[in-house]
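Number of protein chains: 2
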Amino acid sequence: MKPEKPKLALLAGALGVSVATVSNALSGKGRVSPELAERIRAKADMLGYVPSVAGRALRTGRSGVIGLVLPDIGNPLFPQIAQAIEQAASMRGYGVLIGDSRGEVDGQTQAIARLIDRGVDGMVVIPRRGTRVSDIGCPVAVIDSPSTPGNTVSADHWDGGRQMGAHLASLGHRRVLLVGTSPLSNVQADRIGGLKEGLGDGSITETVWIEKLEANLGPGCPLGLVARVAQGFTAIATLSDLTALRALTELQVAGIAVPAAASVTGFDDLVWASVVTPGITTMRLNATEVAQLAVTALTQAIEAIPRGELSPLGTVMAARECVPMQLVIRQSSGPAVQPSDQGQPS
Amino acid sequence: MKPEKPKLALLAGALGVSVATVSNALSGKGRVSPELAERIRAKADMLGYVPSVAGRALRTGRSGVIGLVLPDIGNPLFPQIAQAIEQAASMRGYGVLIGDSRGEVDGQTQAIARLIDRGVDGMVVIPRRGTRVSDIGCPVAVIDSPSTPGNTVSADHWDGGRQMGAHLASLGHRRVLLVGTSPLSNVQADRIGGLKEGLGDGSITETVWIEKLEANLGPGCPLGLVARVAQGFTAIATLSDLTALRALTELQVAGIAVPAAASVTGFDDLVWASVVTPGITTMRLNATEVAQLAVTALTQAIEAIPRGELSPLGTVMAARECVPMQLVIRQSSGPAVQPSDQGQPS
DNA sequence: CATTATCGCTTAAACGATTAATCAATCTTG
DNA sequence: CAAGATTGATTAATCGTTTAAGCGATAATG
Chain F
495 MKPEKPKLAL LAGALGVSVA TVSNALSGKG RVSPELAERI RAKADMLGYV PSVAGRALRT
555 GRSGVIGLVL PDIGNPLFPQ IAQAIEQAAS MRGYGVLIGD SRGEVDGQTQ AIARLIDRGV
615 DGMVVIPRRG TRVSDIGCPV AVIDSPSTPG NTVSADHWDG GRQMGAHLAS LGHRRVLLVG
675 TSPLSNVQAD RIGGLKEGLG DGSITETVWI EKLEANLGPG CPLGLVARVA QGFTAIATLS
735 DLTALRALTE LQVAGIAVPA AASVTGFDDL VWASVVTPGI TTMRLNATEV AQLAVTALTQ
795 AIEAIPRGEL SPLGTVMAAR ECVPMQLVIR QSSGPAVQPS DQGQPS
Chain V
495 MKPEKPKLAL LAGALGVSVA TVSNALSGKG RVSPELAERI RAKADMLGYV PSVAGRALRT
555 GRSGVIGLVL PDIGNPLFPQ IAQAIEQAAS MRGYGVLIGD SRGEVDGQTQ AIARLIDRGV
615 DGMVVIPRRG TRVSDIGCPV AVIDSPSTPG NTVSADHWDG GRQMGAHLAS LGHRRVLLVG
675 TSPLSNVQAD RIGGLKEGLG DGSITETVWI EKLEANLGPG CPLGLVARVA QGFTAIATLS
735 DLTALRALTE LQVAGIAVPA AASVTGFDDL VWASVVTPGI TTMRLNATEV AQLAVTALTQ
795 AIEAIPRGEL SPLGTVMAAR ECVPMQLVIR QSSGPAVQPS DQGQPS
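Each protein sequence line maps, in turn, to chains F and V.
Residues 495 to 840, numbered by the numbering used here, are exactly what the first sequence covers, in order.
Residues 495 to 840, numbered by the numbering used here, are exactly what the second sequence covers, in order.
Quick caveat, the hints were computed from the structure, so don't treat them as lab data.
Hints are not guaranteed to be accurate.
Stated by the list, open to error - With a cut-off of at most 25 Å between alpha-carbon atoms, the simulated DMTMM-like pairs for lysine to aspartate or glutamate come out as follows:
{"id": "1", "chain 1": "V", "residue 1": "499", "chain 2": "F", "residue 2": "611"}
{"id": "2", "chain 1": "V", "residue 1": "537", "chain 2": "V", "residue 2": "498"}
{"id": "3", "chain 1": "V", "residue 1": "501", "chain 2": "F", "residue 2": "611"}
Model the full assembly from the supplied sequences, consistent with the hints where possible.
Structure, rendered in structure tokens:
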């Protein structure tokens, strides 16, 4: 009538053995006869025994929880990453605690501190652009761009750019406008580099940074793409699907058909890329794999720590990894308009 | 040279008092002379003392962590909610553990179970549409629509719909196409109801459910809006900004100017609503306030539980609350085209 | 056969915080 | 002024788990 919440002592009592034996049997660590171990395990999941996280954490000094810190949770990429991290983590028996920077300047540092106070065993950090994750007191896996110094896991943004550049080049685009938000982002810098490489030497590119534009014209200002197209740019290669969306609609209302009159490409394959008309050609970021690598590296680092001590030298991480991005061709990219058509927008 | 991690015993030793006194001083519970208490507090934050979550959790039976469960983390609304919840929670000293349904059918139940096993004190759940959150073993705050039975916190989706309907009506729209994804969603049902009310009796509406459409025509299929406009519909009122985006671009490529030839409205004020051209008129969901209410109710329920026992009767919650939505007028909605213009798309 | 190993399990000591119970001293009060 | 109330601190038990150390009994060894 009163099904007590099963703890080790209860199991031990029910089977007439000591708690230590039960613990050993369930963890498979000590020396327990196979038959007894089996009986114990049976009883355990018959009673639905679940070890108390608190008790274990107190004794072992590890909480079984990792933190997830993002510069800006509002980032449209967040859901994908969060989901993938959570999945990878829970597969390894870890929980995921949210660390939010709250948009404040040094929110990242504060968020990290809060997580440490909560006793996380380690954390995955996607650093605010420009910032480095300094030596905190626990293992950290950083997700950023491969060109970030330090041990990081990331998508191969450069190669992604290269693929996209090659795609556009193969469609005959020679004058391409590159549109990003901030030059301080390692990720965006990589993508730009790759794009230029992929487009090849025969191409002319120009780069527009939205942050700078908006500093003058106010947030949400037009990007002036119509004029650019008139100047002969046949493709707008953006560094994010959000920007691509902005570009796409800006061109559409001006009556410039995409991709007939100009191509538009994005990055990351966010939700809307596939539902708008025309569908946005983009580079898919395999968040699952990135997360898997990051979490694997992180948990390994965590479990490699001897016993009871904090991470000895701060950040400990497995080798840097890099996962490829995948080109997703939709309808927003098409053959370049011929030179004869240029300069005379109807 | 070796700054040991401060625990109660260390503080006690340094001040020549007992750990109990230190504990009492810091928690303000027992009886400690004001001067001693002050000295202790000073020493505490001079040494940077942070109570061990594990120790406290073990003793008190509460972890100081709440779970956040969403049907689909991929939901574009997720970032806002997650951020707001995290903020509200950490203000009350709680951490937030992610619970992901993984898109599986009964993922929600599994996610909840995992969170409970991790020892959360309570959880905020945004239920998968159609499902009810049954009696789990801890306090729960549900975020859904007000028409959901049970104790819930939510935005006033109905009134949001009403406001939007009134807005469109005031612009002269009489034939309005309603576009949603699934009729099973309480939220969407409310919004539809509100829209019809707001539009008034003089209006003719028709509802399109994307899920059904895609079941026949495949995912990402056109919504057939061009034909609808030709039939005399002057406004497309969607139940989500994602759908609004889909509608907007579909019309744009067909050469139907928004809002000159047809208005489009959305819901939720997601990131892209403000960056596309034309900006999408939408209803802003005040995630911060909803989160605040949910977390407040939840933590109160948690802290109301006597001592050491699980929630006695399962779900305990404060009164149902409802926060208003806010109309954000942008450029995608405008005066209805006159009847004389109807039926003859140029 | 006497001595060690090995096996299978138990004892008991942590981990760090909270809190009821206790106790000595000081303060009220009739 | 003696008996009780109050104050300010301490003692010790407890939460549930892990794990080093201990201890008979059986098996291996010279």
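Verification of the hints:
1. Of the pairs offered as hints, the one joining residue 499(V) and residue 611(F) holds, with about 12 Å between alpha carbons and a cut-off of 25 Å not exceeded.
2. About 14 Å separates the Cα atoms of residue 537(V) and residue 498(V), which keeps this hinted pair within 25 Å; it holds.
3. Straight-line distance between C-alpha atoms of residue 501(V) and residue 611(F) comes to about 13 Å, which keeps the hinted pair within the 25 Å bound.
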